[in-house]
Amino acid sequence: MKKLLRLFIRFLPDAIVEELNAASLDELDKRDLIIWADDAQNL
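Position 25 (the sequence shown) corresponds to 25 in our numbering; numbering is contiguous.
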């Protein structure tokens, strides 16, 4: 199943993949699961 998903994503247009990545990053950021470089300097 994982290979099929990777194959499917490989054939998507770049704009769609970029949107998926942005949405994923936004969700991770909302959940405070990302430490951004600017935040790390303030630790």
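Everything labelled a hint here was simulated from the structure, so no lab data went into it.
Every residue gets a Cβ at the ideal spot worked out from N, C-alpha and C, and that includes glycine.
Check the hints yourself; a few may be wrong.
What the hints assert, rightly or not - Per label pair, the in silico range of CB-to-CB distance:
#, residue 1, residue 2, range
1, D38, F11, 32 to 38 angstroms
2, E27, M1, 18 to 24 angstroms
3, D39, R6, 39 to 45 angstroms
4, Q41, R6, 32 to 38 angstroms
5, N42, L12, 33 to 39 angstroms
6, L12, L33, 29 to 35 angstroms
7, I34, F11, 38 to 44 angstroms
8, N42, L4, 40 to 46 angstroms
9, L7, A40, 31 to 37 angstroms
10, A15, Q41, 28 to 34 angstroms
11, K2, E27, 36 to 42 angstroms
12, E27, L7, 20 to 26 angstroms
13, W36, L4, 28 to 34 angstroms
Practice problem: Note whether the CB distance of D39 and R6 lies within 39 to 45 angstroms or breaks it. | Solution: 31 angstroms, violated
Practice problem: With respect to the beta-carbon atoms only, verify the hint that D38 and F11 lie 32 to 38 angstroms apart. | Solution: 35 angstroms, holds
Quiz item: Can the suggested window of 32 to 38 angstroms be confirmed for the beta-carbon pair Q41 and R6?
Solution: 35 angstroms, holds
Quiz item: Do the beta carbons of A15 and Q41 sit within 28 to 34 angstroms of each other?
Solution: 32 angstroms, holds
Self-check item: Verdict for E27, M1 (Cβ pair) under range 18 to 24 angstroms
Solution: 22 angstroms, holds
Quiz item: Is the distance from the Cβ of E27 to the Cβ of L7 consistent with 20 to 26 angstroms?
Solution: The hinted range 20 to 26 angstroms holds for E27 and L7, with Cβ atoms some 24 angstroms apart.
Practice problem: Take a look at whether the Cβ-Cβ distance between L12 and L33 falls inside 29 to 35 angstroms. | Solution: With a Cβ separation near 24 angstroms, L12 and L33 fall outside 29 to 35 angstroms, so the hint is violated.
Quiz item: Lying within 31 to 37 angstroms: is that true of the beta-carbon distance L7 to A40?
Solution: 35 angstroms, holds
Exercise. Using the beta carbons of N42 and L4, state whether their distance is inside 40 to 46 angstroms or not.
Key: Given range 40 to 46 angstroms: holds, Cβ gap about 42 angstroms.
Quiz item: When you take the CB atoms of K2 and E27, is the distance between them in 36 to 42 angstroms?
Solution: The hinted range 36 to 42 angstroms is violated for K2 and E27, with Cβ atoms some 20 angstroms apart.
Quiz item: Is the gap between the beta carbons of W36 and L4 within 28 to 34 angstroms?
Solution: With a Cβ separation near 33 angstroms, W36 and L4 satisfy 28 to 34 angstroms, so the hint holds.
Quiz prompt | Satisfaction of the hinted span 33 to 39 angstroms by the C-beta atoms belonging to N42 and L12 | solution = Holds, since N42 and L12 (Cβ atoms, about 37 angstroms apart) stay within the stated range.
Hints 3, 6, 7, 11 from the list above are not met by this structure, while the remaining hints are.
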